[in-house]
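Q: Chain residues, written in single-letter form:
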Amino acid sequence: MYERTEESMGPVEAQSIIDRSKQKVKQSRRWHAFIMLAAGLATSGFFALIGWMPRERWENYEIFLLVIPILIYTWLASIRKKHPTTGSREILRFEMRIANLYTALMIVAVAACLFVLQQGTLPAALIGILPALPCLYGAWRVLR
Amino acid sequence: MTNKPSHPRHELDGTIHAPVRLSIMSALAETDEVDFAFLRDLIDVSDSLLSKHISTLEKAGYLEVKKGFVGKRPNTWLTITDEGLAAYKQYVNALQRIIGSHRSKQ
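Which chain is which? The protein sequence lines are L and E, in order. Read in order, the letters of the first sequence correspond to residues 0 to 143 in numbering that gives the first Met the number 0. Read in order, the letters of the second sequence correspond to residues 0 to 105 in numbering that gives the first Met the number 0.
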């Protein structure tokens with residue numbers, strides 16, 4: 000553990016300390032963005048797969064298909080745990096708003112898939128973009 | 000010597016010019032808010048040492064400490080003040096001039 004306190008520090012060392020701190024903060028922001036981007040893309044991809052294929056082709060594997068989002072969620076959660084955030088309350092609040100919006104739009108997309116749209120059609124394949132939108136926006140906002 | 004010191008090293012703020020405090024200031028200058036745990040992991044120091052340096056910077060008016068809760072767990076957040084940001088920018092400016100003059104001599 001680093002226990003140095005008041006000793007002298009050369010200009011090059013000072014500059015490298017600044018660069019390292021900046022890089023760590025940027026990295027933390029990039030992980031926030033990566034998780035949101037991955038969640039958005041995985042959601043659209045999953046809906047595209049389910050929506051594009053006629054129901055009879057995947058209904059026997061329904062239970063296995065449900066495992067895919069759970070695996071993706073677990074993977075993203077483990078990435079998040081490994082890469083701690085800066086703890087900024089503003090970013091956490093923003094992330095929470097994005098997560099709430101994502102959940103609400105996910106419910107809408109699933110309901111539309113089940114009750115309104117016909118499986119194996121383009122609209123059913125594209126409905127996944129709806130819940131992905133807040134994630135993509137969130138990733139863009141965090142990286143900006 | 001009665002002349003005013005002209006070398007940029009005299010402009011390096013002593014409050015900032017220590018490895019741990021410089022790490023704290025440069026992290027805070029990069030984002031709106033940082034929590035204690037992030038800084039501790041970033042700098043890889045003990046809680047007590049980090050607290051000591053935070054207190055030095057807080058006394059200088061360079062950062063603001065806010066305490067609160069995340070769920071039921073107590074947490075501490077740090078924010079750079081306007082005065083702190085100005086001092087940090089001046090420090091970085093002086094540092095770059097020192098590095099620049101050192102390079103031009105080589």
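Since the hints were made in silico from the structure, they are not lab data. Hints should not be assumed to be uniformly reliable.
Said to hold, decoys possible - Partner residues are not named here, just some residues of chain L that face chain E (Cβ under 7 Å, in silico): (1) Ala13; (2) Ile16; (3) Lys23; (4) Ile49; (5) Met52; (6) Pro53.
Just so you know, even glycine gets a beta-carbon here, dropped at the ideal spot from N, CA and C.
Q: All hints are to be evaluated individually against the structure, with a verdict given for each.
A: Results for each hint:
Interface restraint check: alanine 13 (chain L) against chain E, minimum CB-CB distance 6 Å, threshold 7 Å, status holds. Using the Cβ-Cβ criterion of 7 Å, the hint placing isoleucine 16 (chain L) at the interface with chain E is satisfied: the shortest such distance is roughly 5 Å. This hint holds: lysine 23 (chain L) has a C-beta 5 Å from the nearest C-beta of chain E, less than the 7 Å allowed. The criterion of a C-beta within 7 Å of any C-beta in chain E is not met by isoleucine 49 (chain L), whose closest approach is roughly 35 Å, and the hint is violated.
Interface restraint check: methionine 52 (chain L) against chain E, minimum CB-CB distance 42 Å, threshold 7 Å, status violated. Of the supplied interface hints, the one on proline 53 (chain L) is violated, with its beta-carbon coming no nearer than about 45 Å to a beta-carbon of chain E, more than 7 Å.
Hints 4, 5 and 6 from the earlier list are contradicted by this structure; the remaining hints agree with it.
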